[in-house]
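Engineer: Residue numbers (the working numbering), protein chains in the order written: chain A, 946 to 1115; chain B, 946 to 1115; chain C, 11 to 87; chain D, 11 to 87.
Calculated from the structure, these hints are not laboratory results.
A few of these clues could be false.
Stated by the list, open to error - Computed spacing ranges between beta-carbons, pair by pair: (1) D:E28 - A:P964: 47 to 57 Å; (2) A:A1098 - C:E62: 54 to 64 Å; (3) D:T24 - B:Q960: 28 to 38 Å; (4) A:D968 - B:T1084: 45 to 55 Å; (5) D:D67 - B:D1102: 55 to 65 Å; (6) B:Y1108 - C:E21: 27 to 37 Å; (7) C:N47 - B:A1042: 42 to 52 Å; (8) D:T24 - B:Y1108: 52 to 62 Å; (9) A:E1089 - B:G980: 13 to 23 Å; (10) C:T24 - B:G980: 47 to 57 Å.
Glycine residues also receive a C-beta, built at the ideal position from the N, C-alpha and C atoms.
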Amino acid sequence: MIPSSSFPPVAEDNQAISPTPLDIVALLKDAHHPGAGAIVLFSGEVRDNNRGREVAYLEYESHGPLATKMMGDILREAKEKWKLHIALAQHRVGKVAIGESAVVVITASAHRSEAYAANRYIIDRIKHEAPIWKCEYYTDGTHEWGNNCNCQAVTGDAAKHIYGEPAQPH
Amino acid sequence: MIPSSSFPPVAEDNQAISPTPLDIVALLKDAHHPGAGAIVLFSGEVRDNNRGREVAYLEYESHGPLATKMMGDILREAKEKWKLHIALAQHRVGKVAIGESAVVVITASAHRSEAYAANRYIIDRIKHEAPIWKCEYYTDGTHEWGNNCNCQAVTGDAAKHIYGEPAQPH
Amino acid sequence: MKIHVYAALKEYFTPEFELAEPIRNTDELKICLLAINATAGDILKTCRFAVEDGFIDNEFKLKEHDTVIIIPPSSGG
Amino acid sequence: MKIHVYAALKEYFTPEFELAEPIRNTDELKICLLAINATAGDILKTCRFAVEDGFIDNEFKLKEHDTVIIIPPSSGG
């Protein structure tokens, strides 16, 4: 395994990759800034179903040092781009139960447009680019790696991704 | 004052207009659903400055029954449009200190696009349409009502608003 | 007719007052309000009106015992 | 050369193993990997490669004592 010292630490003083439950409530509690009029928190949580199958739990695996480095780079870039007061992200690894948080992103900016846009940008890049993988364990006892990023089928390049657009109403 | 019984209660079992501090941490703690893969929380907090002036604190006033009714309508509409599992909003009234939350919106949906889009839709409509008003008290002892919705100058109709677009990077 | 005003409107009118004149619609109400404070013209143009269960426009027939809520623009931003 | 694989790739290869062959770039590495498991062709096409401090492409000159990380697509969704 590559020693984590090969990668510079993340900008924020948070643990990017966590083997223990994410304390999103504590993170929110601390995420305030006198210049920030808008705080946006995203929590990606484990659903009890996916593509028609009943999910028992998920298991996430990561390349810790590389994921930490990439998440730090993404946060630094977003902070600069949108002039954020706060930008942090944590991703859980290991077994994650239904309703638990697998990933959390918090952004804070003077006005709300920036906090929303940056938050979405950060989670989209983490989900598509960071070396973090999901294995779904189903209630029927089977499991499957995947539902992974499939952008390459469109872009023709494993390093080129297509990010989310705002959802239109149903 | 119009009795609150004139207006039907909000869909969600929360107090839409609160004279006491918003407990956004407790609201987030409760906002989970086994079918929701995405939770988005927005907190609008009081900044220490606005349009170049040092702000001491804000004071919000509302027409409680009408604001409660409108927030309930907005939440119900968003829940239906984006198939949300959770949609709630609370707005503080009275004196709100720097760094305190003046308004919170939480949305939860199967996938993240819907939770982000609905969250933004709800806060934009509350800010533009609900009868809730802000008075800024400055450190120099003066105060001013306003920084209010000015959409009418463009739309020519006090009931027609222009909502926010996603922010582009700086 | 009872009138309730909010926020910045309180710098032009007392928060709650009564009008004895017969007022049939919001246009007539605006004329009465301007007779009380002629400087309120600009802000009144930006306001909405409500009676009990919702917003009203000039088509709404006001009655003597209505309580009219005058609503300046929301906090916005 | 040491090879570390992750996630779905572990259904094709052991998580960590060594290759004794002289391998100069990622194209040659892919050929070696397919010699071990010919069914890995499709998934390998979607993978990225990394050495220590970042991702590499086929221009990167691999050395005998490098540890190569093979990275399938991220969790996405």
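Engineer: Take the hints in turn and mark each one as holding or not.
Structural biologist: Do the hints match the structure? See the list:
1. At about 27 Å, the CB distance of E28 of chain D to P964 of chain A disagrees with the hint of 47 to 57 Å.
2. Take A1098 of chain A and E62 of chain C: their Cβ atoms lie about 58 Å apart, and the range 54 to 64 Å holds.
3. T24 of chain D and Q960 of chain B have their C-beta atoms about 58 Å apart, which leaves the hinted 28 to 38 Å range violated.
4. In this structure, D968 of chain A and T1084 of chain B break the distance hint of 45 to 55 Å, their C-beta atoms being roughly 35 Å apart.
5. Between D67 of chain D and D1102 of chain B the C-beta distance comes to about 57 Å, which sits within the given range of 55 to 65 Å.
6. The beta-carbon spacing between Y1108 of chain B and E21 of chain C, approximately 28 Å, falls within the hinted interval of 27 to 37 Å.
7. Restraint check, N47 of chain C to A1042 of chain B: a C-beta distance of roughly 33 Å breaks the suggested window 42 to 52 Å.
8. For T24 of chain D paired with Y1108 of chain B, a C-beta distance near 54 Å keeps the hint of 52 to 62 Å intact.
9. Distance hint check: the CB atoms of E1089 of chain A and G980 of chain B are about 20 Å apart, consistent with the given range 13 to 23 Å.
10. Taking the beta carbon of each, T24 of chain C and G980 of chain B are about 52 Å apart, inside 47 to 57 Å as hinted.
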